[in-house]
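Enquirer: Next come the chains, spelled out residue by residue.
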Amino acid sequence: MKFKDFDPDKYKAVVLPGGFSFGDYLRAGSIAASTETMKKVKQMADEGKVVIGICNGFQILVEGGLLEGALLPNLNLRFISKWVYLKVGRKDTVLTKGFEKDIIKMPIAHAEGRYYHSDAERAKRLAVLYYAGQDGTVDEKYNPNGSLFNIASVANEEGNVIGMMPHPERASFKLTSLDGVTDGLLLFRGLRKW
Amino acid sequence: MVRLSLSAYEMELVRKKLGREPTEAEWATIDALWSEHCSYKSSKVYLRSFPSTGERVVMGIEDWQDAGALDVGDGWAIVLKLESHNHPSAIDPFNGAATGVGGIIRDIISKGAVPIALLDMIRVGNLNKDRNKWLLKNIIKGIGFYGNSIGVPVVGGELSFDETYDDNPLVDVAGIGIVRKDRIVPSIAKQPGLRIVIVGLTGLDGLGGASFASRKLSGENEIGAVQIADPFAGKIVLDVTLAVADKVDAIKDLGGGGLVVGVTEMANGLGAVVDLDKVPLRVSDLTPEEILISETQERMLFAVKEEKVKEVCKEFEYYEYPCAEIGYFTEDSIVRFRYKGKDVVKLPSDLLLSPPLFMWDVKRPTKQVKERPEINMEEAIRKMLIHPDFVSKEWAYSQFDYEVGTSTVIKPGEADASVIVLPNQKLLAVKGDANPDLCEEDAYECGKYIVAETYRNLATVGAKGIGIVDHLQFGDPRKPEVYYTFVEALRGIAEAAKFFNTPVVGGKVSFHNENKEGKPIKPTPLVVMAGLVENKFLRPSVENGLSVVMLGLTRNELRGTFLTKLYGSFGDVPKVRLNEDLLASELIIQGINEGKVKFAKDVGRGGLVTALFPILIKDFGLEIQTRQIKTDAGDDLLVKLFSESSGRFVVLTDDPEWFIRNKKGVVASIIGKVNSESHVLKIDEKSLDLSQEVENYHHYLYKVIEND
Numbered sequence: 001m002k003f004k005d006f007d008p009d010k011y012k013a014v015v016l017p018g019g020f021s022f023g024d025y026l027r028a029g030s031i032a033a034s035t036e037t038m039k040k041v042k043q044m045a046d047e048g049k050v051v052i053g054i055c056n057g058f059q060i061l062v063e064g065g066l067l068e069g070a071l072l073p074n075l076n077l078r079f080i081s082k083w084v085y086l087k088v089g090r091k092d093t094v095l096t097k098g099f100e101k102d103i104i105k106m107p108i109a110h111a112e113g114r115y116y117h118s119d120a121e122r123a124k125r126l127a128v129l130y131y132a133g134q135d136g137t138v139d140e141k142y143n144p145n146g147s148l149f150n151i152a153s154v155a156n157e158e159g160n161v162i163g164m165m166p167h168p169e170r171a172s173f174k175l176t177s178l179d180g181v182t183d184g185l186l187l188f189r190g191l192r193k194w
Numbered sequence: 001m002v003r004l005s006l007s008a009y010e011m012e013l014v015r016k017k018l019g020r021e022p023t024e025a026e027w028a029t030i031d032a033l034w035s036e037h038c039s040y041k042s043s044k045v046y047l048r049s050f051p052s053t054g055e056r057v058v059m060g061i062e063d064w065q066d067a068g069a070l071d072v073g074d075g076w077a078i079v080l081k082l083e084s085h086n087h088p089s090a091i092d093p094f095n096g097a098a099t100g101v102g103g104i105i106r107d108i109i110s111k112g113a114v115p116i117a118l119l120d121m122i123r124v125g126n127l128n129k130d131r132n133k134w135l136l137k138n139i140i141k142g143i144g145f146y147g148n149s150i151g152v153p154v155v156g157g158e159l160s161f162d163e164t165y166d167d168n169p170l171v172d173v174a175g176i177g178i179v180r181k182d183r184i185v186p187s188i189a190k191q192p193g194l195r196i197v198i199v200g201l202t203g204l205d206g207l208g209g210a211s212f213a214s215r216k217l218s219g220e221n222e223i224g225a226v227q228i229a230d231p232f233a234g235k236i237v238l239d240v241t242l243a244v245a246d247k248v249d250a251i252k253d254l255g256g257g258g259l260v261v262g263v264t265e266m267a268n269g270l271g272a273v274v275d276l277d278k279v280p281l282r283v284s285d286l287t288p289e290e291i292l293i294s295e296t297q298e299r300m301l302f303a304v305k306e307e308k309v310k311e312v313c314k315e316f317e318y319y320e321y322p323c324a325e326i327g328y329f330t331e332d333s334i335v336r337f338r339y340k341g342k343d344v345v346k347l348p349s350d351l352l353l354s355p356p357l358f359m360w361d362v363k364r365p366t367k368q369v370k371e372r373p374e375i376n377m378e379e380a381i382r383k384m385l386i387h388p389d390f391v392s393k394e395w396a397y398s399q400f401d402y403e404v405g406t407s408t409v410i411k412p413g414e415a416d417a418s419v420i421v422l423p424n425q426k427l428l429a430v431k432g433d434a435n436p437d438l439c440e441e442d443a444y445e446c447g448k449y450i451v452a453e454t455y456r457n458l459a460t461v462g463a464k465g466i467g468i469v470d471h472l473q474f475g476d477p478r479k480p481e482v483y484y485t486f487v488e489a490l491r492g493i494a495e496a497a498k499f500f501n502t503p504v505v506g507g508k509v510s511f512h513n514e515n516k517e518g519k520p521i522k523p524t525p526l527v528v529m530a531g532l533v534e535n536k537f538l539r540p541s542v543e544n545g546l547s548v549v550m551l552g553l554t555r556n557e558l559r560g561t562f563l564t565k566l567y568g569s570f571g572d573v574p575k576v577r578l579n580e581d582l583l584a585s586e587l588i589i590q591g592i593n594e595g596k597v598k599f600a601k602d603v604g605r606g607g608l609v610t611a612l613f614p615i616l617i618k619d620f621g622l623e624i625q626t627r628q629i630k631t632d633a634g635d636d637l638l639v640k641l642f643s644e645s646s647g648r649f650v651v652l653t654d655d656p657e658w659f660i661r662n663k664k665g666v667v668a669s670i671i672g673k674v675n676s677e678s679h680v681l682k683i684d685e686k687s688l689d690l691s692q693e694v695e696n697y698h699h700y701l702y703k704v705i706e707n708d
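Those protein sequence lines, which keep their order, are chains X and F. Taking this note's numbering, the leading residue of the first sequence gets 1, the next gets one more, and so forth. Taking this note's numbering, the leading residue of the second sequence gets 1, the next gets one more, and so forth.
Don't read these hints as lab results, they were simulated from the structure. All figures in this text were calculated on a predicted structure; none of them were measured in a lab. Quick reminder that beta carbons are idealized off the backbone N, C-alpha and C, glycines included. Some hints could be false.
So, partial list: chain X residues that the calculated Cβ filter (under 7 angstroms) puts toward chain F [what the hints assert, rightly or not]:
#1 Phe20
#2 Phe22
#3 Arg78
#4 Phe79
#5 Ile80
#6 Lys174
#7 Leu175
#8 Thr176
#9 Gly180
Calculated lysine to any residue pairs in the SDA-like style (CA-CA distance at most 20 angstroms, straight line) [stated by the list, open to error]:
#10 F:Lys314 x X:Met1
#11 F:Lys383 x F:Val114
#12 X:Lys141 x F:Tyr567
If you anchor each label on the Cβ, the simulated ranges turn out as follows [as the list claims (entries may be wrong)]:
#13 X:Gln43 x F:Pro280: 31 to 39 angstroms
#14 F:Lys664 x X:Tyr11: 57 to 65 angstroms
#15 X:Asp9 x F:Gly73: 51 to 59 angstroms
#16 F:Arg183 x X:Pro17: 48 to 56 angstroms
#17 X:Gln43 x F:Asp130: 48 to 56 angstroms
#18 X:Glu157 x F:Ser678: 32 to 40 angstroms
#19 F:Ser676 x X:Ile103: 44 to 52 angstroms
Just chain X, same shape as in the assembly (with noise of 0.2 angstroms):
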């Protein structure tokens, strides 16, 4: 389906995934953000459907209001790909109610992924993977791109609505995955749950 087709009524959950929308021109996601579409998107997150954004997918959400904060590009300036750690904060979203695991593995993409909020309370309420070691420590050392806290994802209070920079999709095939993990996985089979 074309994204120009959407018709919201049709689904009770969507998925904006990663990739460039608009070439993410003037800044990532900022495009999508304002189409038609990511109105019609909005429409469900207020009905209490599922929207989940993962990456570009993340950045279209915060641009669009649908998520608190902002993403601000890494603290490196460049494009960062590598397999991270990260901690599970809250267990009371879409994706992770009733999560068994508390550290997982997954790799981040992106140069424009460093999570801030200007009300670090908020920040903390809504976070739920947190950038971390293997063990779940969470440290500045362990922060690939300088973000508030080491946040890697939110979600609304509700948790009906979730952004994340690491991509679970690319940690669900065995074959495909760094040392075969796939917690990715897990992350979506939570959906059964919600």
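Using the hints, position chain F against chain X.
Expert: Chain F alone, transformed into the frame defined by chain X:
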């Protein structure tokens, strides 16, 4: 007016054949079509000697223009293409490298294939010069900018340094696409009457780019010949071209030489009529000459049946992308470009497509060989391991989205070759290799060497080579010593490709790579080989206690090695014994399939020392007994540690006897063991703590380029 590259002889030939003086627009047309870049006039005769057929070859080299295709089973074919953007990258590295990626991707989609992977092979001058740092930084950024945006992963490549590339960096990009075998779209129109449709806007950038690429860099302001990259437009072109591929009769990327070359080559002997005023423009006041030869990116040309034009354009218009019918193909073999009803170009297709072909004089260069100097083993090891050719390239590949598409199995930095999974679940391995130092000493052995090396590289992940694309990069072909190396390298590649049954399905030639003083670059032919994993693949791993087995005979052939790059040229040139490469590679693949291999690395640039280094950087130690190394050089330690003679591998295994007992006639011996003494290389009784070199390995590029 645009600068021409035609010689006085060629201009005279044109006048004689045509019987009149061409107009300015016609000169520009001939200049583009007869450019080395488009016509292969100095290389075509020799290129025909490449083995180009085989049971897997679905599409070979059609006049050396297009990408080749190889059967990978279950009705699928891969499309392979290799190209450089050397000259543009020397002037505007960001756009030069980015448009190089765009061009490759459009070549792949021209065949109706989905681009699934890229490799980039980059060569720049030493990083002690700021300009080289600037070049490299922006080349990497440019490749990432385009490849990441458009969603095609860079799965591997090479990054190498030599002062020969100070003024003239080499930026090679290889693309791999996948297509149903019966859905490959041709690039030539076969029927008069087909409509000519262009998509994309034509602007002022890249004027005369093909001609510019066909002469040495002048040092003058040539920025106008560089194209500007627009990956978002590129993404639309990619998606929609593939969507309309089964509705059109031919597809061609508008690349080198622009519209005039695209139309003439697509006509392929037919005639064409094109109205230049119908071409959608980015700026309104382009002259007809500029429209003809502009190389603005993100444009495609289609040959379409009249009744399907609307349907095709509608698909582009959905994304507000310009699409216009600008002319049609004719029976009369005359290529005509009109502007406001008047002819601006009216030339016989035969003249345009038949430039004079040259076989330039050749002369064997004389080589200065020095006496072997005193070399301290420890110093040589340390000196080599900190050379930027052998440090981690993570700084570069971490800027590429190497996993987009979720098909990258072996990722950059993991092994000697990259592996991707195809739609039929088969695993495809790819690797590119060049060896300019050896080519400088003996281009013929070098041609064989680089093919053998890619073959070995593929074997280390469990894959058997099935075909290659090549890129031949040299200086000015009119110089006999340069042309000699071109001919010799080509002969070597052809011979090895035939031996390994890896036909050459496509390629490119780039001449006129020189520095500002007119000194040619070291001959830099490059090959990219694709192979299939027939059974198991190997993701290399290291464990404490594993035995180190060496396969192959180490020979006293040090000339052209990395050791002599550091200490001056001495000794004999390596002779490539192709059968040794083949047998040892087969043994490795068999070992992987039988679960006998934990880690395999071919012994190539730098010799045994650099082949062992990847084990040390994984925080293990090694003990090596050099008397166990099979060699023709007695106790000569330098030969044992630094020879680059072919046909050799190091393997880590828990069943070394399996290799010793092999029945293929491959020389094998147990030369050492892995231990837990992190970063310590013990050679006989001498322990070398290489912690500093390991530290340097991880951080060198970040430090030097980013001051991190």
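Enquirer: List in ascending order the numbers of the hints, as given earlier, that are violated by the structure.
Expert: The structure breaks hints 6, 9, 11, 12, 15, 16, 18 and 19; every other hint is satisfied.
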